[in-house]
Amino acid sequence: MARTYRDLLPVADRLAPLFYRDEAEGEGMDQLAEVLEAHPQLLIIMNHGPMLGPAPALTALVRTMVRHGGGERVPFGVTWRGFHRLPGVGPLAQRLVQTTAESGVDDLVAKLGGATFNDCAIMPEGEYSNVGNGIDIQPFRSHRFIEAAVRAQVPVLLLAHSGTARLGRPVPIPSAARFLTAPLPAHLRRATEQSGVVSLPRLLGGRIPQLGLASELYQPDLSPEALAEPGCDQQVAAHARHVRARLQRLVNHLVLRFGED
73 MARTYRDLLP VADRLAPLFY RDEAEGEGMD QLAEVLEAHP QLLIIMNHGP MLGPAPALTA
133 LVRTMVRHGG GERVPFGVTW RGFHRLPGVG PLAQRLVQTT AESGVDDLVA KLGGATFNDC
193 AIMPEGEYSN VGNGIDIQPF RSHRFIEAAV RAQVPVLLLA HSGTARLGRP VPIPSAARFL
253 TAPLPAHLRR ATEQSGVVSL PRLLGGRIPQ LGLASELYQP DLSPEALAEP GCDQQVAAHA
313 RHVRARLQRL VNHLVLRFGE D
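Sequential numbering of the sequence shown, starting at 73, is according to this note's numbering.
Simulated restraints, written as ranges between beta carbons of each label pair:
1. D208 to L289: 15 to 25 Å
2. P273 to N324: 18 to 28 Å
3. E109 to G278: 33 to 43 Å
4. A309 to V243: 25 to 35 Å
None of these hints come from the bench; they were simulated from the model.
In this text, all values refer to a predicted model and were calculated from it rather than measured experimentally.
All C-beta atoms in this analysis are idealised placements derived from N, C-alpha and C, irrespective of residue type, glycine included.
Could you put together the complete structure from these sequences and hints?
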């Protein structure tokens with residue numbers, strides 16, 4: 073049986089004090105209740121932060137949705153397929169995200185168009201979170217979430233978080249040591265060479281003093297019919313770039329207002 077945010081709240085409430093001391097709401101959060109009431113289905117796009125960033129961010133997502141009147145909404149998520157394959161972790165990952173490792177765009181669209189689920193949460197930077205400083209949003213691993221939103225005819229809720237950068241440690245890679253990236257998959261090798269920085273998990277950084285949240289509604293001006301037209305891929309990619317830029321603006325707002333430490 074699919075679980076609501078309220079069903080997930082007891083776990084989120086237990087985890088939150090382990091990750092951060094306080095939640096702080098920034099731009100757009102005062103309108104979130106109205107957004108949830110107006111839109112029964114949403115595609116939620118969040119920044120990833122460092123490798124460990126999703127744990128406190130998703131914990132805050134559950135608590136925030138309940139606090140703003142969305143407790144009875146049923147969420148699901150799209151996450152790295154590797155989690156589903158890890159012994160002991162796979163069944164837990166599938167239980168939490170309420171979907172399988174094989175879920176693709178078609179499955180996402182079907183779930184958002186059905187009667188069971190309300191929200192789908194995605195962090196489209198994916199594996200690129202392994203590079204960078206945890207604040208600057210990395211290129212999206214895929215822009216097909218725009219296609220999914222258009223096909224399902226649901227708006228995109230940008231939900232940015234700050235504070236999680238302390239859970240990663242940016243380590244510069246000198247050009248003389250770039251040979252160390254040779255074993256990486258091609259896409260990660262290119263990303264590492266472009267950024268010159270890898271992000272290592274930092275388990276001893278302590279609790280996040282203040283986890284900031286900001287939101288903005290984004291509605292792609294594409295129709296499902298337009299997806300079949302020539303040149304549509306470029307339009308979809310352009311919308312994804314707009315989403316990335318707007319999400320970065322929200323992150324910058326949070327860092328300026330609440331700090332990163």
